[in-house]
Amino acid sequence: MTFEFYPEPFDTNKPPPAPPNRERIGRFGPDTKESKQQQLEYGHRIDEWRTDRMKNTDKTPAISNLRAQITADEINLTFLQLQKKTAFRLNQKGCGIIISRHEMLGVIVEEIKELTTAVQVGILEESGQSSSSVEHELEDIAVSCIVSLASIKTGKVQW
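As numbered in the working numbering, residues 1 to 159 make up the sequence shown, in order.
Treat the hints as calculated values from the structure; they're not laboratory data.
Hints should not be assumed to be uniformly reliable.
FRET-style restraints, in silico, Cβ to Cβ [claimed, not checked]:
1. His136 with Leu105: 19 to 27 Å
2. Lys156 with His44: 51 to 59 Å
3. His44 with Arg89: 52 to 60 Å
4. Gln120 with Leu77: 26 to 34 Å
Listed next, the in silico BS3-like pairs over lysine-lysine satisfying Cα-Cα at most 25 Å (straight line) [to be verified]:
5. Lys36 with Lys85
6. Lys113 with Lys93
7. Lys113 with Lys84
8. Lys93 with Lys153
None of the values given here were measured: they were computed from a predicted structure.
Glycine included, each C-beta is placed from N, C-alpha and C at the ideal position.
Let the hints inform the model, and build the full structure from the sequences given.
Here it is as structure tokens:
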């Protein structure tokens, strides 16, 4: 396809530039034949860019691919840890449901506050010991979410 309003090639690592009249007259200008053509060309360029991004995923890795990767074993180990922690908490506090969504929110927010404190203390201490307290608080948040979801599944949660 030939482009009247976008004759020059553009960098496929960035989205195509906006139509020339976007800044002056709103998104695509008045409803004229020319503005409709610009809008159509812009749509084609966006489609080309998206298609090219999909093809070049190996060439330009996503940010998450530049980080250390989590293995399936680590995920499974984490789920086992959460299962044990959930069983421990249910034995400790009982198997009663969380009665309301407000109580769920309160429990989770309280755990998040404890996580915030653990992170801040860990930053001040800068010791390896603080990571375990952060890990425990993250587990507590996950357990709170699991118990909240299980409570919802009973169908007996009130307002």
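How the hints compare with the structure:
1. His136 with Leu105: 19 to 27 Å: Cβ of histidine 136 to Cβ of leucine 105: about 21 Å, so the range 19 to 27 Å holds.
2. Lys156 with His44: 51 to 59 Å: At 54 Å between Cβs, range holds.
3. His44 with Arg89: 52 to 60 Å: 55 Å, holds
4. Gln120 with Leu77: 26 to 34 Å: Hint holds: Cβ distance 27 Å, inside 26 to 34 Å.
5. Lys36 with Lys85: Distance ~60 Å between lysine 36 and lysine 85 Cα, so the pair is violated.
6. Lys113 with Lys93: Holds, at about 20 Å.
7. Lys113 with Lys84: Judged against 25 Å, a Cα distance of about 23 Å means the pair holds.
8. Lys93 with Lys153: At roughly 19 Å apart (the allowed maximum being 25 Å), lysine 153 and lysine 93 satisfy the hint.
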